[in-house]
Amino acid sequence: MAKRDIPEINAGSMADIAFLLLLFFLVTTTIDKDQAYIRKIPKKIDLPPLDNKVQERDILALKANNQNQLMVRDNIFSDPDKISDFILKFYQTNEKNNDAVNNFPMYSKTTISLCDQNMSLLEQQVEEADRQGAIEQAKFFQNSYDEWNKKKRAIKLYGKSEIRELSVQAHIRIEVQQGTAYSIFTQIHNEIEEAIFELRDKECNRLFSEQYSILKRRTAQDSDPKDKDKIALLEILYPARIIEVTPKN
Amino acid sequence: MSKFKKEDSGGAPAMNTASLPDIVFMLLFFFMVATTSKETDPTVEFESPTGSKTTDLTPYKQRSEIDFLYLGTPRNPNRASAFKMGFALSLDNVVQATADGLYPTNAVGRWKKDKFSQKPTRMTAPIEAVITCLKADKNAPSGLIFDIRKELQDIDALTIAYSVRDKGNI
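Residue numbers (the numbering used here), protein chains in the order written: chain L, 16 to 264; chain D, 15 to 184.
If you're looking for bench data, these hints aren't it; they were derived computationally from the structure. Since the model is a prediction, treat every value here as computed from it, not as a measurement. Misleading hints may appear alongside valid ones.
Listed next, the in silico PhoX-like pairs over lysine-lysine satisfying Cα-Cα at most 25 Å (straight line) [what the hints assert, rightly or not]:
hint : chain 1 : residue 1 : chain 2 : residue 2
1    : L       : LYS58     : D       : LYS129
2    : L       : LYS55     : D       : LYS181
3    : D       : LYS181    : L       : LYS217
4    : D       : LYS127    : L       : LYS58
5    : D       : LYS164    : D       : LYS127
6    : D       : LYS133    : L       : LYS58
7    : L       : LYS263    : D       : LYS164
8    : L       : LYS263    : L       : LYS78
9    : D       : LYS181    : L       : LYS48
10   : L       : LYS263    : D       : LYS98
11   : D       : LYS152    : L       : LYS263
12   : L       : LYS55     : D       : LYS152
13   : L       : LYS97     : D       : LYS152
14   : L       : LYS231    : L       : LYS217
15   : L       : LYS48     : L       : LYS231
16   : L       : LYS78     : D       : LYS98
17   : D       : LYS133    : L       : LYS48
18   : L       : LYS78     : D       : LYS164
19   : L       : LYS243    : L       : LYS55
20   : L       : LYS55     : D       : LYS164
21   : D       : LYS181    : L       : LYS231
22   : D       : LYS164    : D       : LYS152
23   : L       : LYS104    : L       : LYS124
24   : D       : LYS129    : L       : LYS59
25   : L       : LYS78     : D       : LYS152
26   : L       : LYS48     : D       : LYS152
27   : D       : LYS129    : L       : LYS55
28   : D       : LYS127    : L       : LYS59
29   : L       : LYS154    : L       : LYS55
30   : L       : LYS58     : D       : LYS164
31   : D       : LYS127    : L       : LYS55
Pulled a few chain L residues facing chain D out of the computed Cβ check, cut under 7 Å [claimed, not checked]:
hint : residue
32   : MET29
33   : ALA30
34   : ALA33
35   : ILE53
36   : LYS55
37   : ALA196
38   : SER198
39   : PHE200
40   : ASN205
For glycine and all other residues, C-beta sits at the position ideal for the given N, C-alpha and C.
For reference, chain D alone in the conformation it holds in the complex (with noise of 0.2 Å):
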């Protein structure tokens, strides 16, 4: 018959948890702020190779201003043998065989032709100037290299980036 009451036996303290979104609102726009978002997910695979010395396409622009295509080989190992030297291209996640495989050639040009009708009209830069990047394995030929080099050359896109991955930026 105490006139104390007894105080709670056990249990931790419940913790206060109204900060939680705070601190992961702040970690969300660190990430939204510090990155860039995916253009396409390459339906090929491939390994850049790396390099120093290079130049950031994007510092200060945006990555819609430049077109990428991939050059890997097929996801599917089986269907290698359908592509020249084994190594397909992926424009805008369709893979096309490379400059004269299985698909009409010239698929490059109208690639390129096609993106750069397509930009917003406040990019004003003639097609000579707008990068095409190149994202190529490293163990791609390098004749297929200039099979799009090529036909970039024939619609007049001449600004080619050669990517790589810088060997201090990993």
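Just chain L, same shape as in the assembly (with noise of 0.2 Å):
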């Protein structure tokens, strides 16, 4: 007996159905990526501010008006590429020596010895706190003996017994107006990132030999700890300390 044959399907129209597929999913999608800048926003406390002065050395002020025009400290910026280079002085200008004349922050030594100081005297802190039973207490406290401990290995990976740290008041303050265009804000952004990219990836080479960009999207893929301790360590040499400040009505 012949064998009978199978008929064959038509798959004249797959192509068509493919096409269909892939316009449905060029329609709906995106390529672009979701770029920004991520900033955190203070926490809101009940208690009223506590009155400490900060030294005008301190600050470093970038104020926008309504007009859009740009402050730097008072002295007005007409290129606004040039803001990065300003912040760049404000970080640099006393990192190796102190010089009490000029307006810019100073630093200061901290050792290892210092951190196991605050450490031991943070851990009292934290157990009698717990005996008190005041968890947001102790809560601060544990917080702050994080960041010693973390500032202990910084200065390990380090490699020197101590650092020379950036004053603890130190920080860039954005000062925008109601009207100020949100690409002026943004744009004051852009500049401090800047900034604090060249200051982090110079030191990066230096001490490890590596581009700080390849390190940062490595951490981003899989956290290793020695690379999160390298991270550590550069964002405590050059902190990234931003006050955004409300405008008034």
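Mind docking these for me? Both chains are given alone in their own frames, and the hints should help you get the complex.
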């Protein structure tokens, strides 16, 4: 008996189906990535603000008004690209030697023994707060303990017994007005990010002979504790302390 | 009366299109892998400013971990006067007036809380760490941005991302 042929399926419209799917995906997708500047908003607390004066030299005020004009430390800047140079100056002027004359933040030495001192002190405070049942307080002390511990590890990684650290009060302050355009606001963030990236990248090359961007991308992928320590050290050397001041009405 | 059959006159030989679906499927898979799907089509018009040295929000994680809000001009320009400073806020495709406009205040706070409670259980990040990405028009006034920021602060959603288009990525 003759074998009966299985009828062939007509695949001519397969291409049409595939095209249809392709077009669907083309229409519903975005190719651009989500790029942004991530910032932390300070936590709201009910306590009245502490009355400790911040020295003028520790403040780097970046201002923009309703007409989108920029001001850095009360000097008008017509070229926004130059702001990052000024931020570099803010960080680097006293980096090697403190000079009381200029108006830039001071650096101070932090040693491993100082870290140990603070850590043992905080340990006691945590225990005491626990005993009294003050959970919030215990959490606060625990956080500062962790911070000093991080600092200690960073100094060890740095390879010396001490580290020169920027004044704790030094910060960059963004002051905009109600009508300042969002593009100017992000431009200021851009300049800050550029300056800090440059500083950290230079140090990263010197200490670990690799690029900061590569190091960061690697930690985003999988967090190797060694890489985390490296980033922590760079962040301690060049902290990004940014305050965004809410504009007045 | 020739013995030979005459050859077909004219007409190009039919092209074999059997591999066409394969080619198209290849394209399809490329697009499926290389792109992310649009979460929403924002109901306001906006054009992001450009910047460099940005952080990629979704390098290895899903877009649904981040909440997006859009600040731009309403699609119908005649409606612009109904909003504070002419800019409208779009939360999940619902156009809202900004903080103290026509609609009840703390719209952003309620929206964010709502979003946070809808997150799947495998996302364990506390609300302080969940990124709120603000996509604003380049001419949007900063006053409105700080209004939004304040509402987020009130509900302890303490991570904000100011979205820009990366210069190196155009």
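Status of the hints after comparison with the structure:
1. L:LYS58 with D:LYS129: holds (20 Å)
2. L:LYS55 with D:LYS181: holds (24 Å)
3. D:LYS181 with L:LYS217: Since the Cα atoms of LYS181 (chain D) and LYS217 (chain L) sit roughly 22 Å apart, the hinted pair holds (cutoff 25 Å).
4. D:LYS127 with L:LYS58: Distance of about 16 Å is within 25 Å: holds.
5. D:LYS164 with D:LYS127: holds (14 Å)
6. D:LYS133 with L:LYS58: holds (22 Å)
7. L:LYS263 with D:LYS164: Given pair LYS263 (chain L), LYS164 (chain D) holds - Cα atoms ~13 Å apart, limit 25 Å.
8. L:LYS263 with L:LYS78: Holds: LYS263 (chain L) and LYS78 (chain L) sit about 13 Å apart, inside 25 Å.
9. D:LYS181 with L:LYS48: holds (12 Å)
10. L:LYS263 with D:LYS98: Distance ~16 Å between LYS263 (chain L) and LYS98 (chain D) Cα, so the pair holds.
11. D:LYS152 with L:LYS263: Within the cut-off at roughly 21 Å; holds.
12. L:LYS55 with D:LYS152: holds (21 Å)
13. L:LYS97 with D:LYS152: At roughly 21 Å apart (the allowed maximum being 25 Å), LYS152 (chain D) and LYS97 (chain L) satisfy the hint.
14. L:LYS231 with L:LYS217: holds (14 Å)
15. L:LYS48 with L:LYS231: With a Cα-Cα distance of about 17 Å, the restraint between LYS48 (chain L) and LYS231 (chain L) holds, given a limit of 25 Å.
16. L:LYS78 with D:LYS98: The hint holds at about 23 Å.
17. D:LYS133 with L:LYS48: With Cα atoms ~22 Å apart, LYS133 (chain D) and LYS48 (chain L) stay inside 25 Å; holds.
18. L:LYS78 with D:LYS164: holds (20 Å)
19. L:LYS243 with L:LYS55: Distance of about 20 Å is within 25 Å: holds.
20. L:LYS55 with D:LYS164: holds (12 Å)
21. D:LYS181 with L:LYS231: holds (19 Å)
22. D:LYS164 with D:LYS152: Distance ~20 Å between LYS164 (chain D) and LYS152 (chain D) Cα, so the pair holds.
23. L:LYS104 with L:LYS124: holds (20 Å)
24. D:LYS129 with L:LYS59: holds (21 Å)
25. L:LYS78 with D:LYS152: Holds, at roughly 18 Å.
26. L:LYS48 with D:LYS152: OK: LYS48 (chain L) and LYS152 (chain D) at ~18 Å, within 25 Å.
27. D:LYS129 with L:LYS55: Holds: LYS129 (chain D) and LYS55 (chain L) sit about 19 Å apart, inside 25 Å.
28. D:LYS127 with L:LYS59: holds (17 Å)
29. L:LYS154 with L:LYS55: holds (19 Å)
30. L:LYS58 with D:LYS164: Measuring from Cα to Cα gives roughly 10 Å; hence the hint holds.
31. D:LYS127 with L:LYS55: Between LYS127 (chain D) and LYS55 (chain L) the Cα gap is close to 18 Å, so the pair holds against 25 Å.
32. MET29: With a minimum Cβ separation of about 4 Å from chain D (threshold 7 Å), the hint on MET29 (chain L) holds.
33. ALA30: Hint holds; ALA30 (chain L) Cβ to chain D Cβ min 4 Å, cut 7 Å.
34. ALA33: holds (4 Å)
35. ILE53: holds (5 Å)
36. LYS55: holds (6 Å)
37. ALA196: Holds. Min distance 5 Å.
38. SER198: holds (4 Å)
39. PHE200: Hint holds; PHE200 (chain L) Cβ to chain D Cβ min 5 Å, cut 7 Å.
40. ASN205: Holds. Min distance 4 Å.
Violated hints for the displayed structure: none, as all numbered hints are satisfied.
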